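Peer 1: Given chain F, work out where chain S should sit, using these hints.
The listed protein sequences correspond, in order, to chains F and S. Numbering of the first sequence is given in the UniProt record's numbering, commencing with residue 1 and proceeding in unit increments. Numbering of the second sequence is given in the UniProt record's numbering, commencing with residue 1 and proceeding in unit increments.
Because the hints were derived from the structure by calculation, they are not lab data. Bear in mind that the values here come from a model prediction, so they are computed numbers and not experimental data. Yeah, the Cβ is synthetic: ideal placement off N, Cα and C, and Gly gets one too. A few of these clues could be false.
Unchecked claim - Subject to a maximum C-alpha distance of 25 Å in a straight line, what follows is the list of computed SDA-like cross-link-like pairs (lysine to any residue):
id	chain 1	residue 1	chain 2	residue 2
1	S	K359	F	A765
2	F	K753	S	K137
3	S	K353	F	L537
4	S	K137	F	A765
5	F	K159	S	D260
6	S	K380	F	T739
7	S	K56	F	K710
8	F	K762	S	A370
9	S	K56	S	R26
10	S	K359	F	A713
11	S	K380	F	A765
12	F	K753	S	K359
13	S	K353	F	K710
14	F	K648	F	K710
15	S	K411	F	E539
16	F	K762	S	S167
17	S	K408	F	E123
18	S	K295	F	K710
19	S	K380	F	K648
20	S	K359	F	M547
21	S	K404	F	L537
22	S	K380	F	R300
23	F	K315	F	M292
24	S	K238	S	D260
As the list claims (entries may be wrong) - Take a look, some chain S residues computed to stay more than 10 Å from chain F by CB distance:
id	residue
25	P30
26	P206
27	D225
28	P385
The primary structure of each chain is shown beneath.
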Amino acid sequence: MSSKSSVEAAPAVMAAEDNDEELSSLEDENVISASEDEEGSEDERKHTKLLEAISSLGGRRRMKQTERSEASLQVSEFSVAADGAGEKVELSDLLGTMEKTPGAPNKTKKQLKNLQNRKDTLELPLSKQETEKIQRGVAYKKSSREVSRWESVITQNQKAEQLVFPLRQDPTGHKRMEQVVAGWKARTPLEQEIFSLLHSNSQPIHDPVLTPVEEASIKAMSLEEAKIRRAELQKARALQSYYEAKARRESKIKSKLYHRVQKKAKRRDFLKQFEEMVKTDPDAALEELKRMELSRMQERMTLKHQNSGKWAKAKAIMAKYDHSARKAMQEQLEINKDLTQKLAVPSEDEDEEKNGDEEAGALPDFVNDPEPILDPVNPWMRGKLSKEEPEPEVEASTEARDEDLEVQQQQEEEEEEENEEEKLLREFERKRKLREDEDDDLVPVPQEEENQTLPVAGAEQASSIEVSAEDGSKITDNNDEDKDDKVDEDDKDEEEEEEEEEEAEEVVSEFNSLFNRLMKSNTTPAVPDQNEGEELLDEGLVRVQTMEDLEALRKDRTNEANQEASVPATDTPTAPESASEPPNKKKRRRKEIDLKKVLTKQATVVKVPLAPTVLEEEEEEEAEVHTEQAAIIKEAFAGDDVISDFLKDKRKQEEAGRPKVVDLTLPGWGEWGGLGLKPSKNKRRKFRKKVAPPPPRQDKKLPAVIISEKRDASVAAHQVSQLPFPFQNPTQFESCVRTPIGQTWNTQTTVRKLTAPRVVTKMGAIIEPMSREDLVPKQKSNEAKRGAAILLEEKRERGKKKGSGGKRALQQKKKKMQKQKKTKE
Amino acid sequence: MKVKVLCRNPDDYVRETTRDIQRVPRNYDPTLHPFEVPREYTRALNATKLERVFAKPFVASLDGHRDGVNCIAKHSKSLSTVLSGACDGEVKLWNLSKRECLRSVQAHEGFVRGICSRFCGSSFFTVGDDKTIKQWKMGPPGYGLKEEPLNTILGKAVFTGIDHHQSEGTFATCGQTVDIWDELRSSPIRSFSWGVDSFSCVRYNPVETELLASCASDRSIILYDMRESTPLKKVIMKLKSNTLCWNPMEAYYFTCSSEDYNLYTYDMRCLDSPVRVHMDHVSAVLDVDYSPTGKEFVSASFDKTIRIFPKDGGHSREVYHTKRMQHVICVKWSADNKYILSGSDEMNIRLWKANASEKLGVLTAREKAALHYNQKLRDKFQHHPQVRRIARHRHLPRGIFRQKRELKEIKEAQTRKEQNVRKHSKPGSVPLVTEREKHVVTVVE
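The shape of chain F in the complex, shown without the other chains (with noise of 0.2 Å):
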């Protein structure tokens, strides 16, 4: 800040008119007056500034009279001149007050002290070029950054099989009512009384997909509940089925000692349980003192204990002869007894039940056994659900009572494992009971099936023959294999000589290669670009109208491409027949082997020449490379006779190419055909045909050269002599051409598939360009991809852990149904 500038040049730059100015002073005066009313504690400051003010209006008096200017600047909105308002605030009147106020800090005080006192000059603002330039790059990155959000949809455009145009297509077919009723309303007045009609059943106008009910259902249960829940069902019912088979097989058995100690133990458990609920739970305890109570009660009223009914007659008949009889008639009693009195123990009027099953029950054992249900699908049936082994009653029937206690523990052993079971049945139950909508037609699972025992066997036996199945196979598809390798031994046996000279040749190409590389690695030409000569268009000055002037043109130009084709020493890739690449390479290679070598025959080391020796540091390092190659190379070399195998090589090409004798005799025809028997060599002589000897060899007097004879200079003209762009090796384009597209080799749906065109547009339809709709809604598309990928690898780890139990597959279901429902929330 410049402030001493800024105090001289302000009276000159201020400026006012004279009345203005006066009156404006005047207005001082009394606003100071005013404030002296107010607070006299400071008026000597006051009295001060009075009188400054009236000394500066001598002075400024003066300088008005030579300087006049605008008036509007000064004027206050008022019609009355501001103090002040010509002269520039300066920084020293600011602090002044600063420095007298108590509660500024002494922080900022120095501060503002210190910039009073600097002296530098501020640096001059850039200039307007400068500055414009910052804003340029500013607003290049800015909205460079804004382009690249696109890079994502062009590249995948770039890359997308089909693109269909126009982006935004309005969906074919028909319309959603939604959008049919929303143009249209009800005029007429008998359109307005069926509107009236629906309105009254609620059926949705606006929104008329689904009724509310509709709505409700399938909210109520969507397809994959629905299929969980079938399950389920499912399950339920094989279980049911089975605890039905198991009471009814346990109510025939006739064996009093082990229904006496059935009953024990419940009741035993009974009491345990009461116990145990009395301390846990004593609402239910109270609520099962009510119920015994009530039994109690019932008891009282009834005859039924009191060795009054037809049973107990009869039995009391033979009381007199048979101790059983008469222990029963005792126990009957006994329970009328607990019954009536206080606090007894309730139990079930089971014996009754039992012998009237026990009267009715004629029916066939395999009605008996739980229905074979077997749904690889179902994952609720692969529990340990399974067929039960027969019971042990025989043993209970046969054993005297010593044996009671093993029995028991026995039982209490099935009843833990059983009880999960029932659990899990009780589960059904609880999960069918929130359900309200219930099948009715499910026969209620009975909950109080405590004493009957479901003994685990496994489900082995299926899966152990299942393996046996797979080993068989196994087998058989071994014995395939055995025979399928004596054929090919047999035929390995005439091969593996030619293989084994081939592999020796391999390694020795390979070598050879190597080596050249290695020679050839500091004179790389540089390769020129084909692609730009390949898209160009042959124009000429012939038109072409009609098929016969373009083959006219096919032929001119094949001629041509004879000529071209015979320079170039490359094969296509495409021909069957033609040589693939290695032999060429090979072919390449061996070009460089010294002449007078493979002449004499005598040099079986090959001579690397050495590397040169240079005296710049720099390149020391690199000679000493060079130097290591060349050893590697001695050392890879030494016993190696590569001109012998080339020697080797070119003899068999040549072999190869030789006419073979054609035998064409067939066994049997003119003769006696049979096993053993061969044709007789009058025959074969007739019928070995000789082939004319092909044109000499290329090669023929070239002894360090070989020529391929596979290429076929007529073919050639019809062949790819160049590996076209995209493709990265000749078997990618091969494979690629090597694929037919047409309705001949293929089905409709694969050629409609194949021959899709890579844009599509639509007749009439203006395209218009891409928007920023086209990339926001991409996004959230791909967005709801992925939730449904999510869903798929949920679905997919169902489907792994589907093996294991019954019961956790359950749990496992649970907790992804609810996953699931947070997803689609």
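Peer 2: Relative to the frame of chain F, chain S by itself:
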């Protein structure tokens, strides 16, 4: 004893209704259909031949202008309507399906320099040599009324080009400066100048609609953002570029037609060198327009030809010319990707097929399938010499042919010389410069 009986399931061969297609049993066993490659090769060869035989791209010529056609604009909502401005200041509205002039307006004195239609298609703008911007209604005037513009803006200097925003009521003109106008105001809302005194073309980016690019007379291409107060960047090339066009599907690519017979495709994020150099013309390229699919573009040249280039190909895939067509000044690709319009010096507007051998009109499903199959076959065997030869053969007028040969020779000589120079100078002192790098002088920030 078991008796075996021949059994056929009628479901396999009986149609449910007579309207059903006859079931044709087919055996796809590859051994029954041998020689698939040679057979397909023959088919491909025939397909290529037929394609060339049926390649008749010229559809119609619209005559009526009394001077060279200087500019063409597509109607933004109607495919069949086209606007053209001539060098005598006349603007004509054409109906392409009827191939007739709907309306002609004497819009300017002197050239109609630029013409563009509003995004809604209700009106169009013209600029001319008489320093005015005029807005016209698309429909004809009422009975007994004179043809009068809706709006006329008198500028300070001649306007040389105009382009309308894709979706807003603003347009851009170029002349001495590049100005952005609001349709409702008579003075530009923004005016860009950056050391140049004349521009030949300005174009809005159709995708990122706030971006603009212009060709200036100092051989530069300048990028702008409508929302910024300054231009963005400038690239200076060896020779002046006449027009440019943004790719409508790829936001950051644009192609400019240059005086040096080439076209250059740039990525606006990296102006140091063009992404592609498109060569084939033998004279200055005057106009360029992208196909609405963004896959190809068409260029008009002073050498009396139109060429179609794939957007990432260095050479043209097609060349159109007729005996009577003179220097082609303007060219447009129709919005349905089917046709190309060219306006030339000899007062005619020509309508071409974008795909020379395409059959016009509705195709049956079988025809379509056959076409697709043939197309795929041609693609599959395009690298085979015979197929390629036939597919690439084009007729050229003698003059252009000679010029082309000459240019080729010149180019060869240049490269040879460069190689020689490189060979005889200190290694590394004559660096290899790629074709793409050759044509850019500098990039100014």
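Peer 1: Going through the earlier hints one by one, which of them does the structure break, listed in rising order?
Peer 2: 2, 5, 7, 9, 10, 11, 13, 17, 18, 19, 22, 23, 25, 26, 27, 28
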